[in-house]
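Visitor: Working from the sequences, and respecting the hints, build out all of it.
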Amino acid sequence: MGQTLSEPNTNKTTSHDANNKYFYGCSHMQGWRLTMEDAHTTLLRLGDTDFSFFGVYDGHGGSSIAQYTGQALYKKLLESKHFAKKEYKEAFRDAFMSVDKALLEDNNYALDPSGCTAVATLITDDNHIIVANAGDSRAIISIAGRAKPLSFDHKPTNETEMERIIKAGGFVEFGRVNGNLALSRAIGDFEFKQSENLSAEEQVVTCNPDLIEHEITKDDEFIVLACDGIWDCMTNQEVVDFVHKGIKLGKRLEEICEDMMDHCVADEQTTNGLGYDNMSVIIVGILNGKSQQEWYNAIKKTSTVSVPNSPCSSTPSSPKVDRNNDLDKKEEGRKEEGRKEEGRKEEGRKEEGKEKEKSS
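Under the UniProt record's numbering, read the sequence shown as residues 1 to 360, first letter to last.
No wet-lab data here; the hints were simulated from the structure. If you're wondering where the values come from, they're calculated on a predicted model, not measured in any experiment. There may be inaccurate statements among the hints.
What the hints assert, rightly or not - Derived lysine to aspartate or glutamate pairs resembling DMTMM-like cross-links, with alpha carbons at most 20 angstroms apart:
| no. | residue 1 | residue 2 |
| --- | --- | --- |
| 1 | K89 | E215 |
| 2 | K21 | D106 |
| 3 | K75 | D125 |
| 4 | K148 | E213 |
| 5 | K21 | E294 |
| 6 | K89 | D112 |
| 7 | K148 | D210 |
| 8 | K75 | D106 |
| 9 | K101 | E202 |
| 10 | K89 | E268 |
| 11 | K12 | E268 |
| 12 | K89 | E213 |
As the list claims (entries may be wrong) - Per label pair, the in silico range of CB-to-CB distance:
| no. | residue 1 | residue 2 | range |
| --- | --- | --- | --- |
| 13 | E79 | H128 | 19 to 25 angstroms |
| 14 | T4 | A110 | 26 to 32 angstroms |
| 15 | K81 | K290 | 33 to 39 angstroms |
| 16 | L78 | G289 | 23 to 29 angstroms |
Idealized CB from N, CA, C, for every residue including glycine.
Guide: Take a look at the structure:
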């Protein structure tokens, strides 16, 4: 979990904006961490196009790589030769690789030990959503009140990720790359990208994104992008339900973002590590021809869900898992294994201490 403040910094930076197709609320909060290392991008109009772009970048080891990525990724996307050809997945892959390469070639960043996740959403003018993701930030979409994942969490314990890590000369210990990094794909983190005989995609840690495309339908309600400070505390479906409940209570998207972070932040120093991270969340409403008020009213009519009353970190039980969501089930299994591993490690330290006392 690392060092934390004596009490959380719950001051929030919040924004919102709209056009005739989409509107969003966005907020981020430092929480218990010593510094704020997240960054984000919210562009209802991407360059000279009629596209929209949203991204969340969760920094670790510092904020510099995340801040750089937040300013550079969408520009690299537009610059890719594939973008003009409408090959948006290839353009996204180019953009991720280009940002990483530019950082490595910049003397100001080449020796920077930090890195960041990146989950970015491009909404095209023909109603397609393309999501690119490297790391464990996440994007989902609500379809008639049901959560659909638009990204995949890159964890070292995933079989495919572990296979690449080991093949590249690394190892996974305590659920971390080389016993250190808790995610297996990231921008930056150049200490894990040192194999000169391997391509960028084959490195111990790679920035190569997974890509998912979704065509917008009349049942699509909103997209949520957030860092793992949210997803460690709430399942995909709980987040959708939380947004529905907020709308039913008459709240705007930006207010719901703030409430969601307050819901997740740990209210006291506990040992499970949940609720202590920086938090960033973006909610993008898909108007589908409605006005904002019509959109809110439509969801109010269908919202019959509720959310837990207490923050996720204040209860000893594991976070709820949506049994219809394989991603949540796998993620909960990984978290549980991580908790067991940490417990075994702590027990080992205690036994070692006892042995030293005996010998002295």
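Visitor: Run every hint past the structure and note whether it holds.
Guide: A quick look at each hint next to the structure:
Distance restraint check for K89 and E215: the Cα-Cα separation of roughly 14 angstroms lies within the 20 angstroms cut-off, and the hinted pair is therefore satisfied. Note on K21 and D106: the hinted pairing is violated, with a Cα-Cα distance of about 38 angstroms set against a maximum of 20 angstroms. For a cut-off of 20 angstroms, the pair hint linking K75 to D125 stands: about 18 angstroms separates their Cα positions. At roughly 12 angstroms between alpha-carbon atoms, K148 and E213 fall within 20 angstroms of each other, so this suggested pair holds.
About 13 angstroms separates the Cα atoms of K21 and E294, which keeps this hinted pair within 20 angstroms; it holds. A threshold of 20 angstroms between alpha carbons decides the hint, and for K89 with D112 the separation of about 28 angstroms lies outside it, so the pair is violated. Taking the CA atoms of K148 and D210, the gap is about 16 angstroms. The hint holds against a cut of 20 angstroms. Straight-line distance between C-alpha atoms of K75 and D106 comes to about 17 angstroms, which keeps the hinted pair within the 20 angstroms bound.
This hinted pair checks out: K101 and E202 have alpha carbons roughly 15 angstroms apart, not beyond 20 angstroms. As the CA atoms of K89 and E268 are separated by approximately 43 angstroms, the hinted pair breaks the 20 angstroms bound. Proximity of K12 to E268 is assessed by CA-CA distance (about 19 angstroms); at most 20 angstroms being required, the pair is judged to hold. Taken as a hint, the K89 and E213 pair is honoured in the structure, with Cα atoms around 8 angstroms apart against an allowance of 20 angstroms.
A beta carbon spacing of about 20 angstroms between E79 and H128 agrees with the range 19 to 25 angstroms that was offered as a hint. For T4 and A110, the Cβ-Cβ distance of about 30 angstroms falls inside the hinted range of 26 to 32 angstroms, so the restraint holds. A hinted range of 33 to 39 angstroms holds for the C-beta pair K81 and K290, which are about 37 angstroms apart. Distance hint check: the CB atoms of L78 and G289 are about 27 angstroms apart, consistent with the given range 23 to 29 angstroms.
Hint compliance for this structure: hints 2, 6, 10 are broken, all remaining hints hold.
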